[in-house]
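Undergrad: Listed below are the residues making up each chain.
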Amino acid sequence: MSNKEDKIAGLFGERLKNWAPEPPQGVWEAVVASQRRRRRIFIYRITAIAATLLLLIGLPFLLNRQPLELPTRQTSENHLNELITLPQDVTAEPITEQLDKKTANTLMPVVKTSKFVSDVAVAHNTVATQSEPSAGANESIDIPASDNTTDIAMAAESQEAVQQAVEEMLAKLRDENAANATDASESERKKPAIALVYNIAPAAITGQNGLFNNILNYRYGPDPFQGNMALETRYFKDVQESRLEAPFSAGLRFSLGVSKRLAFETGLSYTRLNTYTKTYPLDGVHLEYNQSIIYVGVPLGMRYDVLQTRILSIYTAQNVMAEKGLTAINSINKFEKDRNIGKKKLYEDVQGFQLSTTTSAGLGLNVHRYISFYAEGGLQIFYLNHTQPFNIRSSKKLWPVYQSGIRVNF
Amino acid sequence: MDEKQLIKDCLRGDAKAQKRFYDTFAPRMYGVCLRYANDADTAKDYLQEAFIRVFNHLGQYRFEGSLEGWVRRVVVNTALEKLRKNDVLKNTTELEVLRGTTSHQATPVDQFSERELLMLIQSLPPGFRTVFNLFAIEGYSHQEIGKMLNISEGTSKSQYARARQWLMQRLGKKDLENE
Chain D
1 MSNKEDKIAG LFGERLKNWA PEPPQGVWEA VVASQRRRRR IFIYRITAIA ATLLLLIGLP
61 FLLNRQPLEL PTRQTSENHL NELITLPQDV TAEPITEQLD KKTANTLMPV VKTSKFVSDV
121 AVAHNTVATQ SEPSAGANES IDIPASDNTT DIAMAAESQE AVQQAVEEML AKLRDENAAN
181 ATDASESERK KPAIALVYNI APAAITGQNG LFNNILNYRY GPDPFQGNMA LETRYFKDVQ
241 ESRLEAPFSA GLRFSLGVSK RLAFETGLSY TRLNTYTKTY PLDGVHLEYN QSIIYVGVPL
301 GMRYDVLQTR ILSIYTAQNV MAEKGLTAIN SINKFEKDRN IGKKKLYEDV QGFQLSTTTS
361 AGLGLNVHRY ISFYAEGGLQ IFYLNHTQPF NIRSSKKLWP VYQSGIRVNF
Chain A
1 MDEKQLIKDC LRGDAKAQKR FYDTFAPRMY GVCLRYANDA DTAKDYLQEA FIRVFNHLGQ
61 YRFEGSLEGW VRRVVVNTAL EKLRKNDVLK NTTELEVLRG TTSHQATPVD QFSERELLML
121 IQSLPPGFRT VFNLFAIEGY SHQEIGKMLN ISEGTSKSQY ARARQWLMQR LGKKDLENE
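Protein chains in written order, with our numbering: chain D, 1 to 410; chain A, 1 to 179.
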């Protein structure tokens with residue numbers, strides 16, 4: 001049957017296809033707010049990715065960083081003397097080999113000048129030796145005696161000038177070297193540490209028109225448990241209360257010092273997310289739905305000590321965490337006048353991964369040479385929520401997070 | 001201002017252009033949402049979500065076909081996605097159960113207001129309503145509807161036939177039977 005011949009289709013199509021009722025108030029404002037929010041999340045996301053990439057890319061360079069080694073006064077002077085007085089086959093290599101690149105580049109113009117002076121001096125010696133009658137004439141040498149004398153004088157003056165310039169430069173470099181040596185002793189790497197971590201985050205409570213029904217919050221994956229709940233509660237119209245409990249999270253954190261202030265961190269984290277939903281009583285009977293999702297995650301990040309004293313330290317940290325849902329434990333309880341008259345429990349697999357980034361700042365308190373307590377607060381942004389069952393992270397991507405723990409420094 | 005310029009301005013993030021775009025299409029799209037939703041609150045949510053998507057994906061409009069047609073497709077797809085997400089389309093409530101709707105025995109067909117026709121559509125269970133909307137109003141074929149809703153073409157046809165029969169009863173008009 002074609003809908004052209006269908007009078008019902010014709011009637012409804014003709015009257016309703018282009019029907020334009022007045023849209024409700026507040027929609028445009030919500031669209032604008034969502035656009036703003038999207039831009040803000042985009043900025044957060046880019047910032048978090050950039051910070052994480054910067055840390056990960058910078059890590060190998062930081063790990064391979066060696067303290068600057070500069071020649072001592074004695075070795076510098078020895079090289080200088082060798083450079084100026086040794087025969088023709090002497091080159092500037094000894095200095096460039098032993099000084100670091102920066103030093104070599106700084107000295108290069110001087111070294112070139114010195115080599116020229118040295119060459120002139122050697123040429124003079126050769127001429128002087130070969131001009132002896134018994135040695136026989138060397139036709140290739142045609143420098144007049146008077147020129148030789150001038151050259152020798154000039155060379156001597158140049159030698160002195162160059163030696164003085166190089167000495168001044170080396171003195172300056174030695175001062176820098178001394179300063180760097182002090183820094184190097186200070187930049188002793190942070191010692192490895194292991195920490196027991198406990199995370200807390202705020203809970204959320206919502207009524208029937210809250211998280212479940214808010215269209216903007218549909219950021220979660222297909223979940224049979226929530227689907228059944230939707231059907232059984234007339235699409236959440238019968239929901240009296242939903243409580244997204246504060247996530248429980250604990251774990252181990254390992255840190256490895258990269259420098260005195262910077263540490264690379266990784267570890268293992270266990271998280272449990274609970275959602276509790278209660279329906280209005282109907283003829284004295286109500287339902288309670290509980291869902292617990294268990295996650296195991298691996299964080300990866302960096303910690304930087306902004307301030308270090310013997311007792312206190314203040315630091316900032318940035319990390320990214322990948323979490324895998326191990327299982328979702330779902331239970332439905334039926335109550336008649338507060339008496340449990342039915343119970344059902346089932347386990348479901350959780351697909352996909354949950355990614356998050358955390359930016360935080362914290363305070364460490366050293367109570368013993370090896371033991372310190374710490375507490376930190378920050379913001380955690382959750383990504384890939386659409387792959388996960390409904391949980392507290394579906395309702396908002398950005399959550400404050402507080403962490404405390406005990407750290408054992410080796 | 002032509003459509004192309006309006007789209008360019010919207011893509012540039014010009015708030016005034018976006019508002020103009022919204023004002024142009026929102027009334028008709030709200031009409032679409034009302035047909036797919038159970039009630040006005042849900043329709044409002046569909047409209048809001050659909051316009052967020054429209055602005056997020058406006059760059060994907062290739063100027064093939066009318067802009068209104070493209071916006072309408074986004075709105076319909078948004079509504080279908082929400083219905084699917086809540087498993088509403090699998091809700092197989094029998095039409096016969098719904099007996100509360102008043103029959104309009106004495107009213108000529110063309111005197112039904114849009115609101116009254118909408119109420120009739122909204123009285124249908126979601127699965128029947130969706131198939132009816134897609135076939136009778138949007139003009140999709142049963143084959144296309146089958147693909148969109150992940151049901152067989154036969155299911156789409158039978159749901160439409162039952163919805164149609166039910167609506168005719170409610171309208172009380174035998175003259176709407178096909179010749």
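Be a bit skeptical, because a hint or two may be false.
One-sided and incomplete, this derived list gives chain A residues near chain D with beta-carbon spacing under 10 Å [said to hold, decoys possible]:
# : residue
1 : S113
2 : F132
3 : N133
DEER-style ranges, computed between Cβ atoms [to be verified]:
#  : chain 1 : residue 1 : chain 2 : residue 2 : range
4  : A       : S66       : D       : P224      : 23 to 31 Å
5  : D       : F353      : A       : M168      : 47 to 55 Å
6  : D       : L312      : A       : A40       : 56 to 64 Å
7  : A       : M119      : D       : Y280      : 20 to 28 Å
8  : A       : Q165      : D       : G26       : 34 to 42 Å
9  : A       : M119      : D       : D338      : 38 to 46 Å
10 : D       : H386      : A       : E3        : 26 to 34 Å
11 : D       : L252      : A       : T155      : 47 to 55 Å
12 : D       : Q351      : A       : S66       : 33 to 41 Å
13 : A       : A40       : D       : L365      : 50 to 58 Å
14 : D       : Y280      : A       : T155      : 33 to 41 Å
15 : D       : E232      : A       : A40       : 32 to 40 Å
For the record, the hints were derived by calculation from the structure and aren't laboratory data.
All C-beta atoms, glycine included, are put in the ideal place defined by N, C-alpha and C.
Undergrad: Taking the hints in turn, state whether each one holds.
TA: Consistency of the hints with the structure:
1. Interface hint at A/S113: satisfied, since its Cβ lies 9 Å from the closest Cβ of chain D, which is below the 10 Å cut-off.
2. A hinted interface residue such as A/F132 counts as satisfied when its beta carbon comes closer than 10 Å to some beta carbon of chain D; here the least separation is about 8 Å, so the hint holds.
3. Interface restraint check for A/N133: the shortest CB-CB distance to chain D comes to about 9 Å, inside 10 Å, so the restraint holds.
4. Distance hint for A/S66 and D/P224: a CB-CB separation of about 40 Å, inconsistent with the stated range 23 to 31 Å.
5. For D/F353 paired with A/M168, a C-beta distance near 52 Å keeps the hint of 47 to 55 Å intact.
6. Between D/L312 and A/A40 the beta carbons are some 58 Å apart, a value that agrees with the proposed interval 56 to 64 Å.
7. The beta-carbon spacing between A/M119 and D/Y280, approximately 26 Å, falls within the hinted interval of 20 to 28 Å.
8. The hint said 34 to 42 Å for the Cβ distance between A/Q165 and D/G26, and at roughly 38 Å that hint holds.
9. Between A/M119 and D/D338 the CB atoms are about 40 Å apart, so this pair conforms to the stated range of 38 to 46 Å.
10. The hinted range of 26 to 34 Å is satisfied by D/H386 and A/E3, whose Cβ atoms lie roughly 32 Å apart.
11. The hinted window of 47 to 55 Å between D/L252 and A/T155 holds, with their beta carbons roughly 54 Å apart.
12. Against the hinted window of 33 to 41 Å, the Cβ-Cβ separation of D/Q351 and A/S66 comes to about 39 Å, which satisfies the hint.
13. Checked against the hint of 50 to 58 Å, the C-beta distance between A/A40 and D/L365 comes to roughly 57 Å, which is consistent with it.
14. At roughly 34 Å, the beta-carbon separation of D/Y280 and A/T155 lies within the given 33 to 41 Å, and the hint holds.
15. The supplied range of 32 to 40 Å is broken by D/E232 and A/A40, whose beta-carbon atoms lie about 24 Å from each other.
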